[in-house]
Amino acid sequence: MIAPSPKNKEIKDLGNVLLNVGAMLLSSGASTGRTRNTISRISDSFGYSSDLLISHRTIMLTISDKKNDYFFNNLKRSAPHGVNFKLLSGISRLSWQVVEEGLSVNQINVQLSRLAALKHYPRWFTLLFVGLAGVSFCRLSDGDALDMVTVFTATVCGLFIRQEVHKMKFNPYICIFCGAFTASLIAGGGLKYGMGFIHEQALATSVLFLIPGVPLINSFSDMIDGNLNNAIVRGLNGFIISFAIGMGLLTSMLIYRF
Amino acid sequence: MEFLLLTEKCIWFGLGAAGFAVLFNVPPKTLIYIAFMGAMGGFLKAILMHFDETNVIISTLCGATLIGFLSIYFAHKTHCPPPVLAIPACIPMIPGKFAYKMMIGLVNLSGNIDHDTYTQIMSETVNNGLKVVFILMSIAGGVGIPLLITRKESSKGMRLRKRS
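If you're matching them up, the sequences are chains A and B in order.
This note's numbering applies: residue 1 is where the first sequence begins, and numbers increase by one.
This note's numbering applies: residue 1 is where the second sequence begins, and numbers increase by one.
Keep in mind that a hint or two might mislead.
To give an idea of the interface, some chain A residues facing chain B are shown, with a C-beta separation under 10 Å as derived from the structure [said to hold, decoys possible]:
(1) 28
(2) 31
(3) 34
(4) 75
(5) 96
(6) 118
(7) 132
(8) 246
No more than 30 Å apart at the CA atoms, straight line, and that leaves these computed lysine-lysine pairs for BS3-like [stated by the list, open to error]:
(9) A:76 - A:167
(10) A:66 - A:12
(11) A:119 - B:101
(12) B:29 - A:192
(13) B:29 - A:167
(14) A:169 - A:76
(15) B:131 - A:192
Note that these hints are calculated values from the structure, not bench results.
Glycine included, C-beta positions come from ideal geometry on N, C-alpha and C.
Next comes chain A alone, as it looks inside the complex (with noise of 0.2 Å):
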C-alpha cells in the first residue's frame, strides 16, 4: 500500500471537485461542450491534463499530473434535470475567477455551496410571469382579451399542479402531463362554456408554458458541437416531453368531445 502524499491528497480532492462540477453543470441545463470546457479550463489552470466522458446525465472524468506519476478517475451521476441558469452562469463567472485569481479547492468549494444553496425567485412570482408569459403567447397568436384571461388561469393552475405533482416525486413526464391536462381542462372549458366569446387561441396557447425549450435547443447545439451521441438523447427527451404535453391536451379534448 502507498502512503498517502500531499500530491496525492491534492489530485483527490480537485478530482471530487471537478466532478461536483460537472454533475451541477449537467442537471441545471449546460450543453455537453460547456461542461468538458468548463471542467478542462479549471483542471489547466491547476496544471493538470483531463479527459472526459460525459453521457446525459454521468460524467467519467480521468486526471492526471504532467509526468503521469499521479491521476484520479472517478465517475459521478448527476441530480435529475431541472433548469437553473443562475447555478449555470455562477460556476462559469467562478471557473474564470479559477484562473485568474488562482483559487484553491477549499475555496472553489466554499463558493460551490454559496452557489447551491442561491434562492429561486418566490413562488408567486414564477406564477405571475409564466402567466404572463401565456398572455403574451395568446397575443401573439391573435387572441382577444377574454382569451388573454382565459390563458393567464390555465397558466398559473397548470404550473401550481405541475409543481405539486413535482414535490411528490412522480415521474418528470407525468408531472408534464398532469400540468398540461389541467391547463387544457382550464382553457377548453372556457372554450365549450365560453358562448363564442372564446376561442381556439386560448386552448392552443394555454399548454405553451411547458415546451421543451433548453432540451430542444441544447440538442442543436450538442450536434452541431459533434456529441452527437448526447444530441440524440436530449432530442429524444425533448420529444417525448412534447408527447406528454401533447397526451394531456388530448384527455381533456376526449373529455369535452371537439
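Using the hints provided, position chain B relative to the given structure of chain A.
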C-alpha cells in the same frame, strides 16, 4: 397603425421572454436584457413576416440569429454565458398555433373518415407539421450558430486580454 401593431407585438415578445427567464431562474439583473433581446428578435420576425406573409421559417431564422448575436454582446456586459440569455429570449417564437393544428389534424386522421376528407386533412396536417419542425430547427440553429461561431473567438479574446 401598422407600426403601432408591430410595437405592441414587441411588448408581448419581450414579456413572454421575461416569463420564461423567470421559469428558468436566470440571475435577476439579466431579466431586462432578456426582455429586450426577445422584443428585438420578435420585432425583426414580425417585420419580415409583414413584408412576406408566407415565409415564416426564414423570418424566424433571422429573428433567432439576431437574438444569438445580441446574446454575445450582452454576455460580455453582464458576465453571463450567452445561452443563458439566448434560450429564454427565443422561446416566444415557438409556433404553438401550428403545433396545435397539427395535433388536431392527427386526432382527426385516426378517426373513421371517408377518403376525400382524409386527403384534405392529411395535406393540412403535413403542412402544419412540417412548419413546426422547420421553425423549431431554425430557432435552434439561429441561436446556436452565432454562439458556435463566436464562442471560441470570444473566449480566446478573454484569455489574450487577461494574459497581457
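Hints, one by one, checked against the model:
The interface hint given for residue 28 of chain A is met, as the beta carbon of that residue sits about 9 Å from the closest beta carbon of chain B, less than 10 Å. The interface hint given for residue 31 of chain A holds, since its Cβ lies 7 Å from the closest Cβ of chain B, which is under the 10 Å cut-off. A least Cβ separation of about 7 Å between residue 34 of chain A and chain B falls short of the 10 Å threshold, and the interface hint therefore holds. The restraint placing residue 75 of chain A at the interface with chain B is violated, with a minimum CB-CB distance near 26 Å, outside the 10 Å limit.
About 8 Å separates the beta-carbon of residue 96 of chain A from the nearest beta-carbon of chain B, less than 10 Å, and the hint is met. Residue-level restraint check for residue 118 of chain A holds (minimum Cβ-Cβ distance to chain B is 9 Å; threshold 10 Å). The beta carbon of residue 132 of chain A comes within 5 Å of a beta carbon in chain B, closer than 10 Å, and the hint placing it at the interface holds. Below 10 Å, beta-carbon pairs count as interface contacts, and residue 246 of chain A has one with chain B at about 6 Å; its hint therefore holds.
A C-alpha spacing of about 24 Å is found between residue 76 of chain A and residue 167 of chain A, which places the hinted pair at or below 30 Å, so the restraint holds. The suggested pairing of residue 66 of chain A with residue 12 of chain A holds, with an alpha-carbon distance near 15 Å, which does not exceed 30 Å. Taking the CA atoms of residue 119 of chain A and residue 101 of chain B, the gap is near 39 Å; set against the 30 Å cutoff, the hint is violated. This hinted pair does not check out: residue 29 of chain B and residue 192 of chain A have alpha carbons roughly 42 Å apart, beyond 30 Å.
For the proposed pair residue 29 of chain B and residue 167 of chain A, the alpha carbon gap of about 28 Å is at most 30 Å, so the pair holds. Distance hint between residue 169 of chain A and residue 76 of chain A is fulfilled; the C-alpha atoms sit about 22 Å from each other, no more than 30 Å. Between residue 131 of chain B and residue 192 of chain A the CA atoms are separated by roughly 28 Å; this keeps the pair inside 30 Å, and the hint holds.
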